[in-house]
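Peer 1: So the protein lines, in turn, are chains A and B.
Those letters in the first sequence? Residues 352 to 617, per our numbering, in order.
Those letters in the second sequence? Residues 58 to 397, per our numbering, in order.
One or more of the hints may lead you astray.
[What the hints assert, rightly or not] Derived pair list, reagent style SDA-like, types lysine to any residue, alpha-carbon separation capped at 20 Å:
| no. | chain 1 | residue 1 | chain 2 | residue 2 |
| --- | --- | --- | --- | --- |
| 1 | B | Lys309 | B | Phe324 |
| 2 | B | Lys392 | A | Pro498 |
| 3 | A | Lys425 | A | Gly504 |
| 4 | B | Lys302 | A | Arg458 |
| 5 | B | Lys309 | A | Ala496 |
| 6 | B | Lys392 | A | Tyr497 |
| 7 | B | Lys392 | A | Pro578 |
| 8 | A | Lys425 | B | Tyr293 |
| 9 | A | Lys425 | A | Asp381 |
| 10 | A | Lys582 | A | Leu611 |
[What the hints assert, rightly or not] Just the calculated beta-carbon pair ranges, DEER-fashion:
| no. | chain 1 | residue 1 | chain 2 | residue 2 | range |
| --- | --- | --- | --- | --- | --- |
| 11 | A | Gly503 | B | Leu387 | 23 to 29 Å |
| 12 | B | Ser118 | A | Asn495 | 50 to 56 Å |
| 13 | A | Leu387 | B | Ile253 | 35 to 41 Å |
| 14 | A | Gly503 | B | Lys302 | 49 to 55 Å |
| 15 | A | Lys475 | B | Ala122 | 41 to 47 Å |
| 16 | A | Arg478 | B | Leu212 | 32 to 38 Å |
These are computed hints drawn from the structure, not numbers from a lab.
Using N, Cα and C, we set each Cβ at its ideal position, and we do this for glycine too.
Listed below, chain by chain, are the residues.
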Amino acid sequence: MVAATALAEIDAHPAAGAALDIEQVSHAFDIDGAELPVLSDVSLSVEPGEFVALLGPSGCGKSTLLRLVAGLDKPRSGTLREDEARITRPHPSRVVVFQDPTLFPWRTVWDNVALGLEAQGILKSQRHRVDAALDLVGLSSFRNAYPHQLSGGMAQRVALARALVNDPKILILDEPLGKLDSLTRITMQAELVSLWQRKGFTTLLVTHDAEEALVLANRVIVFSDRPARVKADIRVDRPYPRHRGDPYLADLRRQILGLLGLDATW
Amino acid sequence: MSTYSLSDGLASGAPRLSRAPLLASWVRESGVGILASVAWIAFGLSCLWWEDVGDWSRTHSLGIAAFVIAVVALFGTVAADYLGSAGRALRQRAPWLVVLGVFMTLWEVATAKFAWLPLPFFPPPQSIIEVYTDDLPKLLDSVFASVKLQLGGYLIGATVGFLTGVSIGWSRAVGYWVHPVLRFIGPLPATAWLPIAFFTFPSSWSASTFLIALATGFPVTVLTWSGVASVSNAYYDVARTLGAKPSFLVLKVAIPAALPHVFVGLFMGLGSSFAVLVVAEMIGVKAGLGWYLQWAQGWAAYANMYAALIVMSLLCSGAITLLFAIRDRLLVWQKGTVKW
Ligand SMILES: Nc1ncnc2c1ncn2[C@@H]1O[C@H](COP(=O)(O)OP(=O)(O)O)[C@@H](O)[C@H]1O
Ligand SMILES: [Mg+2]
């Protein structure tokens with residue numbers, strides 16, 4: 352599925368990962384005058400090129416944290432830094448892939464992938480990068496299709512290509528595989544790991560699936576219930592490709608589910 | 058039954074079996090065409106058979122034209138297989154040709170021949186044809202004047218409405234000032250301004266242009282605004298993380314996403330501006346199809362009124378068709394759009 356030439360093309364623009372520092376970040380929302388605390392004193396230091404998975408109960412504040420990292424919202428207190436520089440607004444070096452592909456329905460697949468380069472005003476000279484990104488996710492033959500003509504898995508792959516074409520230093524993934532069928536999901540997990548290994552970007556992945564976190568990540572952060580605090584920071588020292596049946600991973604999984612309060616049901 | 062007769066029966070039955078469905082399908086495909094041809098021959102005969110009760114000069118030509126249509130319908134449908142898409146199109150419309158032929162025959166008989174319908178008010182088809190042939194220059198002038206007025210007012214109204222709608226939808230400050238004005242003035246029918254407009258504007262033409270623009274502008278503004286306001290934040294988030302500046306968010310996110318709404322506004326604006334156009338022409342502007350209608354009424358020239366109405370309906374329908382074509386072009390990405 353991954354074309355060698357496409358990879359060479361993308362590798363011509365190497366983008367090493369950036370370090371990410373989250374320092375004592377707290378955040379809250381006002382809902383009908385009442386304050387809803389969502390993040391409570393979250394600190395997290397991510398090395399360049401690390402693959403970090405974020406796990407936590409639904410509604411605890413994971414997506415909120417990702418929005419802060421992306422620069423889409425500002426935290427109530429605390430700071431976030433990308434390579435020492437404070438994050439105050441969105442920047443294409445930090446690209447988000449959301450749970451819904453949110454492709455622009457009025458643009459063809461190619462034009463969707465070209466979005467970032469066009470917004471930055473560099474599309475004219477960089478059109479080959481769009482073709483390469485489409486090759487990378489195996490959708491070159493659908494370049495002229497409109498989003499409503501794609502399956503869910505294909506749309507999510509287009510969303511991934513749209514992010515990767517910008518050569519992000521930090522790739523932010525908010526449950527991007529959550530809605531896919533299990534087969535497509537496993538394929539895309541493998542693609543994700545191989546992409547990450549080749550390109551070296553730092554990855555933050557929110558997932559609700561402990562197994563997915565363990566198959567993909569160097570590090571798994573487990574959050575508490577809302578307001579989210581870091582409950583555990585687990586290293587996953589296992590070479591890739593990983594096997595789901597690995598007893599070491601099974602052990603970690605039991606441990607993580609225990610932290611999430613699911614000991615009896617795993 | 059012996060083996061011999063069975064095989065004999067099969068042998069002789071086979072061609073009969075295949076001929077019967079062939080004939081059936083031929084009748085099904087061409088029968089309606091033949092019927093249409095019969096209906097138009099009937100119309101032609103009804104023109105020529107009896108004497109007219111009035112004095113109309115085109116009765117004979119109309120009869121001949123009806124026969125020509127009958128011949129075209131006959132050969133067009135019977136030989137449709139050899140005529141490509143034109144033949145298919147004709148076959149598809151054959152049922153309508155039948156109904157039209159019958160209608161024309163009844164109309165002809167009920168007016169020109171026996172005057173079952175009271176005469177000056179229900180003119181026969183030939184008198185309407187007469188208008189098109191004898192009063193053509195005046196009619197064309199009117200068409201030209203109407204199209205010019207309508208086009209100018211509509212384009213101004215649509216442009217201003219679109220820009221206003223985008224501004225209100227995008228900027229809170231613009232919304233603060235424009236929204237109350239819009240609420241106060243917008244729902245007023247544009248025709249209510251007619252008396253004032255004709256006094257305050259330098260010419261009746263500029264007054265009418267303003268009113269048509271007003272009638273177009275209100276729905277376009279409101280729908281563009283609601284379209285821009287209803288664009289999902291998720292699209293803006295995606296664009297912003299990819300490095301989009303505010304101008305990109307307006308031009309490449311908000312406007313394309315709002316375009317389906319904008320077209321609804323453009324359709325509504327077209328409808329209400331037609332109404333204003335006709336009234337303005339009847340009351341103030343001394344040109345155009347509305348004025349032609351008014352003028353024909355003054356002379357009790359009923360055939361001219363029907364002739365002008367038919368032209369008007371073709372023009373309005375044509376304008377809507379054009380707008381639909383533009384929309385289908387721009388919104389190919391939408392699935393399941395209505396066909397006009
Ligand atoms: N824009 C917002 N306004 C108000 N409340 C919000 C907003 N976004 C999220 N929340 C609330 O913050 C909490 C955390 O949401 P989120 O970060 O999406 O959780 P999750 O961990 O499932 O991704 C939820 O209770 C949600 O209702
Ligand atoms: Mg979430």
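Peer 1: Going through the earlier hints one by one, which of them does the structure break, listed in rising order?
Peer 2: When the structure is compared with the hints, numbers 1, 3, 7, 13, 14 and 15 turn out to be violated.
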